[in-house]
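K.L.:
The task is simple: from the sequences and hints, build the whole structure.
The lines below spell out each chain.
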Amino acid sequence: MGAGHAHKLYRAGSSPVHALPPHTKLAAGFAFVVVVVSTPREAMWAFGAYAVLLGAVAAVARVPAGFLLKRLLIEVPFVAFAVLLPFVAEGERTEVLGMSLSVSGLWGAWNVLAKGTLGVAASVLLASTTELRELLLGLQRLKLPPLLVQIASFMIRYGDLITDEMRRMRIARESRGFEARGIRHWGVLAKSAGALFIRSYERGERVHLAMVSRGYAGVMPVIDEVTASRAQWSYALALPCAALVVCLLGWVL
Amino acid sequence: MHVPDGFINAPTSAVAGVVAAGAVAVSLRGARRELDERTAPLAGLVAAFIFAVQMLNFPVAAGTSGHLLGGALAAILVGPYTGVLCISVVLLMQGILFADGGLTALGVNITDMAIVGVVVAYVVFRGLVKVLPRSRRSITAASFVAALVSVPAAALAFTLLYAIGGTTDVSLGKVTTAMVGVHILIGIGEAAITALTVGAVVAVRPDLVYGARDLRRPLKLRVGGELVDAPAAEPVALATRSHRKVWLAGLVTSLVLAGFVSFYASASPDGLEKVAEDKGFAESAEEHDIADSPLADYGVKDIDNARLSGGLAGVIGVGVTVVAGSGIFWAVRRRRSDEGTDVSPVSPTNTNTGV
Amino acid sequence: MTASLEVSGLAFAYPDGHQALFGVDFRVERGERVALLGPNGAGKTTLVLHLNGILTGGTGSVRVAGLPVGKKNMAEIRRRVGIVFQDPDDQLFMPTVREDVAFGPAAAGLTGAELQARVQRALDQVGMADFQDRPPHHLSFGQRRRVAVATVLAMEPEILVLDEPSSNLDPASRRELADILRSLDVTVLMVTHDLPYALELCPRSLILSDGVIAADGPTGDLLGDDALMRAHRLELPFGFDPRSVPAGSGPA
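Residue numbers (the working numbering), protein chains in the order written: chain A, 388 to 640; chain B, 3 to 357; chain C, 60 to 311.
Bear in mind the hints are in silico, worked out from the structure with no lab data behind them.
Be careful, since some hints might not be right.
What the hints assert, rightly or not - In silico EDC-like cross-links for lysine to aspartate or glutamate, where the CA-CA straight-line distance does not exceed 20 Å: (1) A:Lys457 / B:Asp102; (2) A:Lys530 / A:Glu518; (3) A:Lys578 / A:Asp551; (4) C:Lys130 / B:Asp38; (5) C:Lys130 / B:Glu39; (6) C:Lys130 / C:Glu65; (7) A:Lys578 / A:Glu566; (8) A:Lys530 / A:Asp611; (9) C:Lys131 / B:Glu39; (10) A:Lys578 / A:Glu561; (11) A:Lys578 / B:Asp209.
As the list claims (entries may be wrong) - Anything over 12 Å on all C-beta distances counts as not near chain A; from chain C, calculated: (12) Ser67; (13) Gln78; (14) Ser226; (15) Val245; (16) Pro262; (17) Asp269; (18) Asp280; (19) Ala290; (20) Arg292; (21) Asp300; (22) Val304.
What the hints assert, rightly or not - Some but not every residue of chain A turned toward chain C, in silico, with C-beta under 10 Å: (23) Arg520; (24) Leu523; (25) Ile543; (26) Asp547; (27) Arg590; (28) Arg593; (29) Val594; (30) Val599; (31) Ser600; (32) Arg601; (33) Gly602; (34) Ala604; (35) Met607; (36) Pro608; (37) Ile610.
A virtual CB, placed ideally from N, CA and C, is assigned to each residue, including glycine.
P.N.:
Take a look at the structure:
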């Protein structure tokens, strides 16, 4: 998981993908992943086609392949899991390089790897072409409960601040010669976490006071709204629609 | 435990999504009731705290470290509703911003980590607090147990979803054993850190610990320079006393039931236990050709298998029963207190004195 | 003419029994700049939170431009009393500077071009118009403090209440803020224990001590009264002589 900055994935740019309204991108990304997940795993070629589609989007968005691949590393724990599957799954077995592997396990591993990777790649593309602020506006536009969007935006606004406080506390600890080396130091770290919670909560109370002082009465005023033209929608939805065609072919063929 | 796309099939993911959406909606209303217009800033800040604290690495031994999941911590510090909201928002943002956890698996992730993790922790915690003597140490102990139970419970919830809509046919027994086994280990770390953190907060600002609101001292008034007891909110004190008996009875019943269940489960295998046994975890490991299985890395197979699976069933049984039992008593208690004193839980007038 | 702010007989105890105010009386006329001085724990913050009705329930009354602070006209009161809190990070809670400044007017119902004009004007007043689309946490501390002032100015308040405006500022930012405050055509109540800053900006001062107004007069006179200062735990920085500074420079 990312440290320090709340949004490490974003790459500034002025590509057509960057320029799309955020809610169209969110909807398109989500629809794409749904389509991918619903594809039968036996249609191996379909996943290749999906990868090509994503590659095309990445090219239009001018997101370099190296950047994309590096971000895929988040998946590693589940790759490890997928590698285990052929060994532990049930059913008919086959010999590969002298190892007895489960056929359905191999299929399962393929399924998890292919769909998981495509899912991560789609999310990474979304996050690297959409600014944080825009994502929140997009979620708001997609009718996520306003309170939830507010909580998320407060979390984003103060995430850095609190992470920073945590870092300062670590520096303060280390300046006094403390270095956490094992279980017996958990107490000290937990005390820091406790202090961090108190600071965060008290800040929440102060923020609330500041909001009330400026006329807040439980409803956040809508200041920015994003809108999308029909052309922008069709542009964004081209990706999931193309994927849907592939998926249907995958079921039929 | 962030599940990626494609791990659970589409229909099950959709159902989990609906469950998650429902629970989030309920939590939004619940949190609003507790925090009213302060919900957004407070829950936002607590979510940011959870997010930050998940990055705090705790060294376990030379070279390895773990980090907090935070479900139990959130439940105890800010209550179940706000806790569910905070963890859900953290998961949502991790999914969208860091591609950590699949977009279609968001429902699955929220269901097991935010809902099951938080609710189980809270129910266990409240149950223990009601039963244990009223002291700071009890709060810490209850936090420990709550976190310890909640992590494998979340793993169990995942296993359940996997059983319904898993895309691979690894036997349920293996998944259960691996998930729960690993997460019991994780749970111990989580429990220690959660307990220590809650203890640190209780020591300084007990009023901020949602789960320890009963611990508050009665108010004093300054009358002509002298400290005088403020008139206490009486009816609550009586009610608490009787509830405590109910809780005690509930917990004892749950434990008896749990013991019975685990004994029964190991004596005559059925259900999950049977699956585990059939699929080779109890006795027949070699026959099923998993002697070299990498699962052995988890350290579950090499130990005395029979005892392990028995113990595991016991843990699961105890966990499930305690949770179910406490849940029922919690519901009963809530209904009673709703009928009785209609005091808002955060109101400063609600000083549970006595006991 | 009605006073901008009129506080009379204000007493307040927190729910935990701690009593912070014991009958506060004072008036601030329209256009005045007044400093509210007092040691830590004198009840300054408690008083400030009464001015826009965040704390209520004690005895006594607060009137803003003749309007009593109470449940009935809370929205209007909060528009008229602009409080700038001590930590700008508490005040700037929106994702961008522009949205933050727009928050107050938008909550009051302004939209569209009118809202944008209000935001623009407020940011111009504090010289931060070029930072509209920046997230607040990317600004320097001094800039954040200025934006915090703008968030309040955007509501076109009757009176501007600043809680420790000079804390944590470097000398340059401190001077810039002073210039901004002097240039504003608005009543100012400045809560501080930065005595030279009070002398520089405010012709008149109040001393709040033990929950009552212990002194009220020209800032220079109060700061020059050693016995008074000692009695209320107020100390001037080493080597600072209030008599050497022309009191309350700038328009009163």
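K.L.:
Could you run down the list of hints and mark each one as holding or not?
P.N.:
Going through the hints against the structure:
| no. | hint | result |
| --- | --- | --- |
| 1 | A:Lys457 / B:Asp102 | 14 Å, holds |
| 2 | A:Lys530 / A:Glu518 | 19 Å, holds |
| 3 | A:Lys578 / A:Asp551 | 17 Å, holds |
| 4 | C:Lys130 / B:Asp38 | 17 Å, holds |
| 5 | C:Lys130 / B:Glu39 | 16 Å, holds |
| 6 | C:Lys130 / C:Glu65 | 17 Å, holds |
| 7 | A:Lys578 / A:Glu566 | 14 Å, holds |
| 8 | A:Lys530 / A:Asp611 | 15 Å, holds |
| 9 | C:Lys131 / B:Glu39 | 18 Å, holds |
| 10 | A:Lys578 / A:Glu561 | 15 Å, holds |
| 11 | A:Lys578 / B:Asp209 | 17 Å, holds |
| 12 | Ser67 | 22 Å, holds |
| 13 | Gln78 | 20 Å, holds |
| 14 | Ser226 | 14 Å, holds |
| 15 | Val245 | 16 Å, holds |
| 16 | Pro262 | 26 Å, holds |
| 17 | Asp269 | 24 Å, holds |
| 18 | Asp280 | 32 Å, holds |
| 19 | Ala290 | 31 Å, holds |
| 20 | Arg292 | 25 Å, holds |
| 21 | Asp300 | 37 Å, holds |
| 22 | Val304 | 33 Å, holds |
| 23 | Arg520 | 5 Å, holds |
| 24 | Leu523 | 7 Å, holds |
| 25 | Ile543 | 7 Å, holds |
| 26 | Asp547 | 6 Å, holds |
| 27 | Arg590 | 6 Å, holds |
| 28 | Arg593 | 4 Å, holds |
| 29 | Val594 | 5 Å, holds |
| 30 | Val599 | 6 Å, holds |
| 31 | Ser600 | 5 Å, holds |
| 32 | Arg601 | 4 Å, holds |
| 33 | Gly602 | 4 Å, holds |
| 34 | Ala604 | 7 Å, holds |
| 35 | Met607 | 8 Å, holds |
| 36 | Pro608 | 3 Å, holds |
| 37 | Ile610 | 5 Å, holds |
Of the hints listed earlier, there is not a single one the structure fails to meet.
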